[in-house]
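Let the hints inform the model, and build the full structure from the sequences given.
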Amino acid sequence: MSSLLHRINQGITSACLDKISNYLGESRNDTSNGISAVVPSVLAFLADRSHSEQGAQSIFTATSDNALTALFTDSDLQTTFEKNRNALLAKGNVLISELFGERAEGFEKEISSHANISKESSRGILAAVLPFMLNEVGKLIDEKKLTESSLSNFFDNEKDEIYAAVPSGLATLGSALGLSNFSKDLSSTVGTTTKITYGEKPIIGRGANDRPMGPKRSEEGKMRWLLPLLGLVALGLLVYFLAGKCKDEAAVADCELIAAYATYAKNEQNLVINATGEPVLDQNGNQIVVDGSTYMINNENELVDAQGNRVMDADGKRIKIDKNLTVAASSYALGEYDSVRDAYIYNVGENRDFTLPDGTRLSVGENSTEAKIYNFLNDSNTLVSNDKKQGWITLDRIYFDTGESTLTAESEQQLQNIANILKNYPEVHAKFGGYTDNQGTQEVNKPLSNDRANAAMNSVIEKGIDSSRLESEGYGQEHFICPANDTPECMAQNRRVDIRITKK
Numbered sequence: 043m044s045s046l047l048h049r050i051n052q053g054i055t056s057a058c059l060d061k062i063s064n065y066l067g068e069s070r071n072d073t074s075n076g077i078s079a080v081v082p083s084v085l086a087f088l089a090d091r092s093h094s095e096q097g098a099q100s101i102f103t104a105t106s107d108n109a110l111t112a113l114f115t116d117s118d119l120q121t122t123f124e125k126n127r128n129a130l131l132a133k134g135n136v137l138i139s140e141l142f143g144e145r146a147e148g149f150e151k152e153i154s155s156h157a158n159i160s161k162e163s164s165r166g167i168l169a170a171v172l173p174f175m176l177n178e179v180g181k182l183i184d185e186k187k188l189t190e191s192s193l194s195n196f197f198d199n200e201k202d203e204i205y206a207a208v209p210s211g212l213a214t215l216g217s218a219l220g221l222s223n224f225s226k227d228l229s230s231t232v233g234t235t236t237k238i239t240y241g242e243k244p245i246i247g248r249g250a251n252d253r254p255m256g257p258k259r260s261e262e263g264k265m266r267w268l269l270p271l272l273g274l275v276a277l278g279l280l281v282y283f284l285a286g287k288c289k290d291e292a293a294v295a296d297c298e299l300i301a302a303y304a305t306y307a308k309n310e311q312n313l314v315i316n317a318t319g320e321p322v323l324d325q326n327g328n329q330i331v332v333d334g335s336t337y338m339i340n341n342e343n344e345l346v347d348a349q350g351n352r353v354m355d356a357d358g359k360r361i362k363i364d365k366n367l368t369v370a371a372s373s374y375a376l377g378e379y380d381s382v383r384d385a386y387i388y389n390v391g392e393n394r395d396f397t398l399p400d401g402t403r404l405s406v407g408e409n410s411t412e413a414k415i416y417n418f419l420n421d422s423n424t425l426v427s428n429d430k431k432q433g434w435i436t437l438d439r440i441y442f443d444t445g446e447s448t449l450t451a452e453s454e455q456q457l458q459n460i461a462n463i464l465k466n467y468p469e470v471h472a473k474f475g476g477y478t479d480n481q482g483t484q485e486v487n488k489p490l491s492n493d494r495a496n497a498a499m500n501s502v503i504e505k506g507i508d509s510s511r512l513e514s515e516g517y518g519q520e521h522f523i524c525p526a527n528d529t530p531e532c533m534a535q536n537r538r539v540d541i542r543i544t545k546k
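In terms of the working numbering, the sequence shown opens at residue 43 and continues consecutively.
It should be emphasised that the hints constitute simulated quantities derived from the structure, not laboratory data. Owing to the predicted nature of the structure, the values given are computational and were not obtained by experimental measurement. Hints may contain errors.
When the alpha-carbon atoms are kept at most 27 Å apart in a straight line, the in silico DSSO-like pairs for lysine-lysine are as follows [claimed, not checked]:
#1 K201 / K181
#2 K414 / K473
#3 K465 / K546
#4 K161 / K125
#5 K465 / K430
#6 K473 / K431
#7 K201 / K125
#8 K465 / K431
#9 K362 / K431
#10 K187 / K125
#11 K545 / K414
#12 K430 / K414
#13 K201 / K187
#14 K151 / K161
#15 K546 / K473
#16 K505 / K546
#17 K186 / K125
#18 K546 / K414
#19 K430 / K161
#20 K186 / K201
#21 K125 / K181
#22 K505 / K465
#23 K151 / K186
Simulated restraints, written as ranges between beta carbons of each label pair [what the hints assert, rightly or not]:
#24 T448 / P468: 27 to 33 Å
#25 E140 / N195: 21 to 27 Å
#26 S405 / D118: 30 to 36 Å
#27 Q99 / R383: 55 to 61 Å
For each residue, glycine too, the CB sits at the ideal point set by N, CA and C.
In structure tokens form, the structure reads like this:
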């Protein structure tokens with residue numbers, strides 16, 4: 043029978059690794075390094091805890107929890123992460139606090155330093171992987187009919203392989219996790235340490251011709267969009283644990299002291315959304331609908347259930363609806379997917395005439411890219427944001443040949459319109475950004491997205507705009523505008539070129 047470490051590594055497939063790295067905004071390699079460190083380190087921690095009665099009991103309690111096992115009923119980690127991500131991360135954050143307590147911060151710091159990722163990303167990896175690991179431990183406990191007293195013997199038999207997988211750079215982890223013999227035990231196996239690889243080899247797909255949304259990111263965009271913020275501080279965790287107590291009026295005062303708010307908005311469909319327009323999910327992975335039979339907004343603009351109890355997000359923070367929250371243009375119901383062309387056709391609205399300063403007339407949709415640029419440039423109250431993640435506008439009529447950076451003939455008209463606008467505003471500078479869906483690898487998609495952004499920029503230059511006013515960059519599988527990225531319609535939206543005014 044496969045070892046516990048092998049079973050867990052097999053469950054973290056290459057595709058699953060891509061999903062997690064995209065979500066965290068870290069490179070695939072750095073995310074892989076982080077997971078390679080987290081998996082054996084957690085198992086080493088569990089092995090150590092299994093030798094005490096209290097520790098063994100806590101492992102049994104965690105692995106037999108119905109909320110944990112329900113996450114993986116008839117599904118693997120990849121499917122759970124795709125379909126029930128918020129519930130997975132919420133459970134992961136609870137487990138982190140239950141198992142590691144105050145040692146969690148030191149653990150995350152060690153992983154962050156080792157993998158060259160942010161502390162929030164190391165937290166995100168731990169939250170995503172820990173529930174899966176404990177579920178696998180639970181399955182082995184059932185299969186082998188282990189008891190609390192025999193659990194330590196099981197881990198002792200697995201210990202050599204587990205310690206051999208711990209990266210040598212984590213030799214100081216023992217002090218962070220309170221493992222008294224960690225450094226000594228590790229020294230006997232460190233020479234055999236190898237990097238863990240996950241599941242099957244990555245399959246290169248169609249690349250940039252596959253989809254859109256919710257930023258997952260480069261160094262510039264790290265963690266910018268994280269739907270539920272993964273960087274939970276102790277405050278947020280404490281809120282999560284006391285969520286049940288908050289339902290008790292006698293404990294409301296305590297909750298008021300520790301609860302932090304996560305601010306969201308409500309869209310036209312009554313869905314709770316974040317500032318990028320991405321719907322917020324409940325513990326079952328369902329989109330939260332407000333003012334309906336499930337959730338409501340109270341007089342303090344807090345989200346509450348039918349009994350008036352405050353609703354927490356996946357980070358254990360109370361949800362407050364801010365009607366003034368500036369929400370990015372939603373990618374939902376803005377058009378329709380054309381399956382024949384494998385493209386998303388935007389609804390740009392009724393045609394409207396815009397007259398440029400030189401007398402040139404543009405007849406374009408009132409919701410088109412050109413209209414948005416024109417309105418931005420002619421509104422004295424709008425300024426270029428210092429936040430480089432803000433102000434991006436999707437070119438809604440730009441298309442490329444499949445897997446190529448060749449613009450289709452129909453794309454030229456929109457680029458000509460943009461050139462005409464820029465000619466009339468000579469002080470304006472702009473940047474083009476290229477993006478892909480999540481099919482294929484970032485190594486393939488990022489260069490393709492860069493070529494596509496360049497193609498759009500060069501077309502505008504050829505139409506008379508000085509190159510010094512323009513720049514371009516490809517982001518590949520970063521900054522999705524359609525969060526699920528799991529349907530042809532959503533993926534088609536993510537395959538796009540955006541433009542951002544950088545100087546007005």
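Taking the hints in turn, this is what the structure says about them:
no. : hint                    : result
1   : K201 / K181             : holds, 18 Å
2   : K414 / K473             : holds, 15 Å
3   : K465 / K546             : holds, 13 Å
4   : K161 / K125             : holds, 25 Å
5   : K465 / K430             : holds, 24 Å
6   : K473 / K431             : holds, 12 Å
7   : K201 / K125             : violated, 34 Å
8   : K465 / K431             : holds, 25 Å
9   : K362 / K431             : holds, 24 Å
10  : K187 / K125             : violated, 31 Å
11  : K545 / K414             : holds, 15 Å
12  : K430 / K414             : holds, 18 Å
13  : K201 / K187             : holds, 19 Å
14  : K151 / K161             : holds, 6 Å
15  : K546 / K473             : holds, 12 Å
16  : K505 / K546             : holds, 20 Å
17  : K186 / K125             : violated, 30 Å
18  : K546 / K414             : holds, 14 Å
19  : K430 / K161             : holds, 22 Å
20  : K186 / K201             : holds, 17 Å
21  : K125 / K181             : holds, 22 Å
22  : K505 / K465             : holds, 10 Å
23  : K151 / K186             : violated, 35 Å
24  : T448 / P468: 27 to 33 Å : holds, 30 Å
25  : E140 / N195: 21 to 27 Å : holds, 24 Å
26  : S405 / D118: 30 to 36 Å : violated, 51 Å
27  : Q99 / R383: 55 to 61 Å  : holds, 59 Å
In this structure, the earlier hints numbered 7, 10, 17, 23, 26 are contradicted, and the remaining ones agree with it.
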